[in-house]
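2 protein chains.
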Amino acid sequence: MDASNQTCAQAILETVPVIIQAIRVEMRLERMHDLSVPQFRTLAYIARHPGCSLSDVAEFIGLTLPSMSVLINGLVGQGLVLRQVSLIDRRRVTLTLTEAGSEVYQRARQGTIAWLQRLLEPLSEEERRTIVQAMELLKPIFSAEMAHQKSKQLVEESTGR
Amino acid sequence: MDASNQTCAQAILETVPVIIQAIRVEMRLERMHDLSVPQFRTLAYIARHPGCSLSDVAEFIGLTLPSMSVLINGLVGQGLVLRQVSLIDRRRVTLTLTEAGSEVYQRARQGTIAWLQRLLEPLSEEERRTIVQAMELLKPIFSAEMAHQKSKQLVEESTGR
DNA sequence: TCAAATAGTTAAGCATACTAATTATTATAG
DNA sequence: CTATAATAATTAGTATGCTTAACTATTTGA
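Those sequence lines, one after another, are chains G and L. Note that my numbering has the first sequence beginning at 1, numbered continuously upward. Note that my numbering has the second sequence beginning at 1, numbered continuously upward.
A hint or two may mislead.
Note: identical chains are not told apart, hence a pair may lie in one copy or across any two.
To be verified - Once the Cα atoms are required to be at most 20 Å apart in a straight line, the calculated EDC-like pairs of lysine to aspartate or glutamate come out as:
| hint | residue 1 | residue 2 |
| --- | --- | --- |
| 1 | Lys139 | Glu14 |
| 2 | Lys139 | Glu26 |
| 3 | Lys139 | Glu59 |
| 4 | Lys139 | Asp34 |
| 5 | Lys139 | Glu121 |
| 6 | Lys139 | Glu99 |
Read the hints as simulated data drawn from the structure, not as lab findings. Nothing here was measured: the structure is a model prediction, and the numbers come from that model.
Let the hints inform the model, and build the full structure from the sequences given.
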């Protein structure tokens, strides 16, 4: 009996797109210091993994290498990210946030979190706990799935699509 | 004391983009009968609100009217949606799914839900319940916020940005 | 040492979503 | 009962984001 499993899938499919759309519009309305959602997520990743390579970020964010290369170009152009050739392996690139990048990221993050906090205010302590628990359950599942999807793509490529 | 409020906001901001990215990639990988996420959501809305107008869908999905008009063009071109001039108000348009549209939507929906169900399989009954509860809490909050964001946009326009 | 693999870039094209301007219809003020 | 304003949708033009394909530079390893 997994009616609950189907219910759960439906709930996610109906809710998550609504949330992400609201986040996107919010970020655009507030201009978010001229960051798009992928740019924001990229800064977040680099902040937590300083010295990471382009492929690392691309895999995490779910973009192709060329897309990520261009995205990073933009951030470097705005002086938010430092792109340096790795000393160990000169094919690689190491990415770090500049001072400005760190500030812009923190401000964007604080702003978005403040907006979310305002939305969540009407909820009870317990309801918020439920949400946190749900997020903690879902995050690893979908992170793992993204990695899985990536390997699937590679297989398709090697077998001539 | 609302430490839990901040934790909740953070959890959402970290998790939701991961989920939506995985959904997007999944839909693209499976080609989903050539539907994008917004196209899918549009079909879903029309399925539930047959005879709705362009503005209705646009507001729900969070797109501008022109964008929605173009999106609908695509769906009409694929023979999935019927666009008819309203008999009551000839400025308006009424949207309904064609037989084909209904089928494609159902197949895409089933496919995505099946994929989600597979991902959620390892969870316990109770964990799933937590997720369903969280989604039910979040959906109305963000739906309402989208409406609010829209009125905000209109105000900005009327006050010359 | 030379071929294969890896990391990243550049280029070209398509899709998506925006703003601004336009058309067609309906509502309303004088 | 016009004439003007408001509404619903479309068209045109632009910007951006992301993709695939082709290419460069470096490293691995047979």
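Violated constraints from the hint list, given by number and in increasing order: Per hint list: 4, 6 violated.
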